[in-house]
Structure formats: structure tokens, C-alpha cells
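K.L.:
Read off the chains here:
Number of protein chains: 2
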Amino acid sequence: MIKRIESAQNSRVKQWKKLHTKKEREKTGLFLIEGRHLVEEALKYKTVVKEIIVREGEEFSAINIGEANVTEVTKEVMKLLTDTETPQGIIAVCEMPKPCKIELSSSPLRLLLIDNVQDPGNLGTMIRTSDAVGIDAVILGDGCVDLYNGKTIRSTQGSLFHIPIIKGNLTTWIDELTRENIKVFGTALDNARDYKEVPSQQQRFALLVGNEGNGVNRELLKMTDENIYIPIFGEAESLNVSIATGILLYHLRG
Amino acid sequence: MIKRIESAQNSRVKQWKKLHTKKEREKTGLFLIEGRHLVEEALKYKTVVKEIIVREGEEFSAINIGEANVTEVTKEVMKLLTDTETPQGIIAVCEMPKPCKIELSSSPLRLLLIDNVQDPGNLGTMIRTSDAVGIDAVILGDGCVDLYNGKTIRSTQGSLFHIPIIKGNLTTWIDELTRENIKVFGTALDNARDYKEVPSQQQRFALLVGNEGNGVNRELLKMTDENIYIPIFGEAESLNVSIATGILLYHLRG
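Chains E and W supply the protein sequences, listed in that same order.
Residue numbers for the first sequence follow our numbering, so the first one is 1 and each next one is one higher.
Residue numbers for the second sequence follow our numbering, so the first one is 1 and each next one is one higher.
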């Protein structure tokens with residue numbers, strides 16, 4: 001039987017609403033996703049979906065919800081729970097995946113290391129691009145915007161459910177990748193090589209990209225095998241970090 | 001002498017504020033830009049800057065303002081004029097550039113044709129990328145989000161002042177480019193060729209990209225010389241249009 005909530009004062013509504021804060025997400029290990037496409041992707045890729053919240057009058061019988069609880073809410077309650085301007089009428093409460101181990105001896109093995117990217121749209125788009133190009137895991141270093149921010153999740157277009165995304169210390173990661181003979185390419189504007197000179201179709205590599213304004217932390221750049229750049233032919237000072245990531249990943253993957 | 005405005009009711013303040021609407025921008029041929037970097041870029045690249053509005057206490061003597069009028073306003077007035085969360089204390093009223101003619105017989109000649117892109121962040125980033133890769137002009141077809149939307153302008157990072165951006169009918173454009181023997185590449189998912197099979201380092205080409213959800217209009221795709229796609233190796237359904245544009249432009253430019 002489907003439960004129904006009509007009151008904005010309901011304690012479960014208040015609890016769900018709190019999941020819009022990073023603090024509450026980290027405390028509970030839960031996060032919200034919104035919209036039919038994301039909910040379907042979460043269910044399809046075996047993310048643990050704890051609850052599904054549907055706006056009254058919404059048709060969702062085509063979604064295979066498995067064992068998730070479904071609660072119907074009024075339009076007013078749904079408005080409290082959404083952080084989008086045009087809510088799609090369906091929200092799910094999901095469990096953050098457990099940290100997973102990446103087998104560093106495998107081949108091919110392709111990783112993206114992200115240092116201190118601040119914009120949720122950029123982070124989400126970089127995850128979507130990583131998924132498209134067949135990256136095996138994305139490593140989020142210190143200072144990155146929260147993966148479970150609503151805007152980040154929307155920008156991934158569901159790719160956060162397709163590939164492992166791991167929080168980690170990038171110094172430790174680069175050390176370990178180097179020990180495993182995985183080539184680490186940093187991105188930098190000086191002391192760097194035109195990316196087109198670097199061979200395409202690499203089987204085992206990690207690309208390291210960084211902050212929108214300041215690029216990759218200089219200490220990390222000293223640890224890489226090689227640093228590369230994308231030439232600027234016009235008057236722009238730089239490329240957006242998610243664009244640069246797309247160009248470089250497609251080049252390295254080949 | 002610098003004028004000063006303290007009242008939110010001042011008629012000039014009301015007039016400036018109206019420039020946040022597309023209707024008023026089109027009526028007056030004026031638009032707002034915000035932040036030191038954009039104002040400097042506008043001045044440097046000979047955009048007509050009609051007025052500069054500075055928040056009281058802001059230091060801007062390092063900016064070469066030329067002949068623009070400067071008005072100082074209170075913090076409260078500045079808040080009314082900004083559409084960002086953390087205003088930078090300087091806004092300029094600029095004149096939209098006059099339509100310019102592109103010499104289609106020149107070589108190299110590289111163009112980006114944009115069909116119906118809706119997201120201001122995507123459009124702005126595509127203009128920034130076009131600038132970086134040395135595109136000669138960007139053609140905005142029907143249905144594109146407004147170039148002078150605040151979010152679009154911010155995402156260009158000033159590149160809208162660096163290269164010609166022309167509104168036009170894409171059917172007419174493709175016809176004319178074809179007559180001039182400029183190769184037009186459409187982007188499509190079916191009946192298309194892997195972009196890596198298309199030679200890099202093209203001297204005269206136009207790339208045609210399209211809407212976030214629906215891609216390029218099918219009638220336009222029928223008119224191109226060739227349609228190309230970027231392979232998806234993972235589980236993502238597609239790439240973000242601005243990412244795809246970056247990968248393809250850097251490939252074609254070579």
C-alpha cells in the first residue's frame with residue numbers, strides 16, 4: 001500500500017528536506033535524486049533506493065521500483081522537497097555507495113583525478129564525460145564540491161551510478177599509481193607539453209585536472225610523470241576545466 | 001566628475017535594472033556586464049561601453065575607462081542591479097555590436113553553427129571554447145538562448161568580445177557555405193561517421209551542433225556535407241553539447 005503525506009510539518013518531510021544540506025547527507029549516508037531519468041538510472045544500476053516520493057496524480061507505474069517504499073505527497077509538500085524550478089514529480093532517497101577498491105594491476109585502466117573543482121556543473125559534467133569515454137573510476141581530491149549536491153547530480157545525467165567515484169587524497173593516489181606503473185598526466189600551463197604530442201590510445205593512465213581559477217595544485221604537478229596543456233589559438237585566457245577534461249580524455253583514450 | 005546615485009527609485013537605476021530582461025535589451029540595443037574582468041575585456045576589445053556603475057568604496061582606478069561615464073552607487077542600489085550572488089562591485093552598460101560581414105572566401109576560415117542551444121552556461125562555454133580554438137565566427141541559429149543573458153555572458157569569460165557572434169538563419173548559412181566550398185560537418189548519432197576518421201587540421205570548415213535534448217534539427221542535417229559523431233564507450237547516453245563541441249573543434253582545427 002502506498003503511504004500518503006499531506007502535511008509539510010510531517011517529520012519525514014522535515015527529514016527528507018534536511019538532505020539538501022551536505023552535513024545531513026554525511027551524517028546519514030543518504031542523498032536525494034530528482035526526476036524520472038535519474039530514479040530509473042539509480043534503480044537500474046543497483047544503487048540502494050530507500051524511498052521514492054511521488055507527487056499526487058503522477059503516473060510512475062512504468063518504473064520498476066523493486067523493493068523501495070513509495071510515498072505519495074501533495075504538490076505543496078513536493079515543492080518543499082525539490083531544489084529545481086520545474087520539479088518532475090518524483091524524488092528518491094538513495095544510499096551512498098560503499099567505498100570500492102580499484103584493481104590497479106588491470107589493463108586497460110583509465111582514471112580521472114580531480115583536484116579542487118568548485119563548480120557543481122563542472123564536476124557533474126566531468127563525471128558524465130568520464131563515463132562516456134570509458135573511464136574506470138573518478139577520484140575526487142580534497143576541496144572538490146560535494147558529489148551529492150543537487151546540481152552536481154543533475155549534471156552527471158545519471159553517470160554517478162555508472163562508474164565508481166572515490167574520495168581520496170591525491171598525493172597518496174599519485175604515489176600509488178606511480179608505483180603501479182600507471183602513467184599520470186597533469187594539466188598545466190607552464191613546463192608542459194602540447195597534448196597532441198602525447199600518444200593517443202593509452203591503456204593505463206590517469207589524468208589529473210584542477211581548480212577553475214588556479215588549476216592543479218603545484219605540489220601535485222611535481223609528482224606526475226608528465227604535464228600537458230591544450231594550446232589556445234585565440235584570445236581566450238583558458239578553457240573551462242570540463243571542456244579541457246573532455247578534449248584530453250578523448251585524446252588519451254583514442 | 002563622478003555622479004552618485006543613492007536612491008533605488010532613481011530613474012536611471014530603474015532603466016539599468018530593466019536591462020536584465022531580453023525585451024528591454026532588444027529595444028535599446030544595450031546589455032549589462034558585471035565584474036572587473038568582463039569590464040576590462042569590453043574596454044580592451046573596443047566594445048562601446050556607455051556607462052560604468054561602481055559600488056561606493058570600490059577601487060577601480062587601474063581600469064582604463066576611456067570615455068565612459070562613471071556613476072557611483074550605494075551598496076543597496078548595486079544589489080538591485082546585479083544578478084549574481086556575490087556582486088563584484090562594478091557593472092557596465094554596453095552597446096551590442098553591429099552585425100558584421102564574414103568574408104567567406106578567406107582561408108583559413110573556421111565557423112561554429114549553433115542550432116537551438118537552450119542552456120546559457122552551455123552557450124557561453126561554447127563561445128569561450130570557440131575563441132580558444134581560433135574559430136573566426138559563431139553563428140547563432142533560431143531558438144538559441146539569448147547571448148546577452150547574464151549567465152551566458154559570464155560563461156563566455158569575455159570571449160563574446162573577442163570574436164564575431166552573428167544571429168542568423170542556419171538554412172541560409174549552410175546554403176551559402178556550401179556554395180563557397182566550405183565543408184559543413186553536422187553532429188548526429190545515426191548515419192554519421194566517427195569523428196576520428198575525419199581528417200584533422202582542416203582549413204575551411206563549419207561545425208554544426210544542436211539542442212541539448214534533441215540534437216541538431218534533422219532538416220539541417222540533410223544539408224551538411226557530412227555528419228559525424230563522438231563514440232560513447234561507457235554507459236552514458238550522450239555527451240554534454242559544450243563538451244562535444246570542444247572535442248570536435250579541437251579535432252577539426254588540429
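Please note: incorrect hints may appear among the correct ones.
Copies of the same chain look alike in the list, so a pair counts if it fits in one copy or across any two.
Claimed, not checked - Here are the simulated lysine-lysine pairs, BS3-like style, with alpha carbons at most 30 Å apart: (1) Lys18 - Lys222; (2) Lys75 - Lys196; (3) Lys27 - Lys196; (4) Lys17 - Lys222; (5) Lys3 - Lys196; (6) Lys22 - Lys101; (7) Lys22 - Lys151; (8) Lys23 - Lys151; (9) Lys79 - Lys151; (10) Lys18 - Lys46; (11) Lys75 - Lys222; (12) Lys27 - Lys101; (13) Lys23 - Lys196; (14) Lys183 - Lys22; (15) Lys222 - Lys23; (16) Lys3 - Lys222; (17) Lys22 - Lys196; (18) Lys79 - Lys222.
Simulated from the structure, these hints should not be mistaken for lab results.
K.L.:
For every hint, state whether the structure bears it out.
P.N.:
Now for the hints, and whether the structure bears them out:
1. Lys18 - Lys222: neither (41 Å within a copy, 50 Å between copies)
2. Lys75 - Lys196: Answer is neither: 53 Å inside a copy and 49 Å across each miss the 30 Å cutoff.
3. Lys27 - Lys196: neither (45 Å within a copy, 46 Å between copies)
4. Lys17 - Lys222: Result: close neither inside a copy nor across copies, 43 Å intra and 48 Å inter.
5. Lys3 - Lys196: neither (58 Å within a copy, 53 Å between copies)
6. Lys22 - Lys101: within (24 Å within a copy, 51 Å between copies)
7. Lys22 - Lys151: Both ways: Lys22 and Lys151 sit 13 Å apart in one copy and 25 Å across, limit 30 Å.
8. Lys23 - Lys151: Classified as both: same-chain Cα gap 16 Å, cross-chain 29 Å, threshold 30 Å.
9. Lys79 - Lys151: Result: close both inside a copy and across copies, 17 Å intra and 25 Å inter.
10. Lys18 - Lys46: within (24 Å within a copy, 49 Å between copies)
11. Lys75 - Lys222: Cα proximity of Lys75 and Lys222: none, with 54 Å in one copy and 44 Å across.
12. Lys27 - Lys101: Close inside one copy (23 Å), not across copies (59 Å); limit 30 Å.
13. Lys23 - Lys196: neither (43 Å within a copy, 45 Å between copies)
14. Lys183 - Lys22: neither (34 Å within a copy, 49 Å between copies)
15. Lys222 - Lys23: neither (34 Å within a copy, 52 Å between copies)
16. Lys3 - Lys222: neither (57 Å within a copy, 51 Å between copies)
17. Lys22 - Lys196: neither (40 Å within a copy, 41 Å between copies)
18. Lys79 - Lys222: neither (48 Å within a copy, 43 Å between copies)
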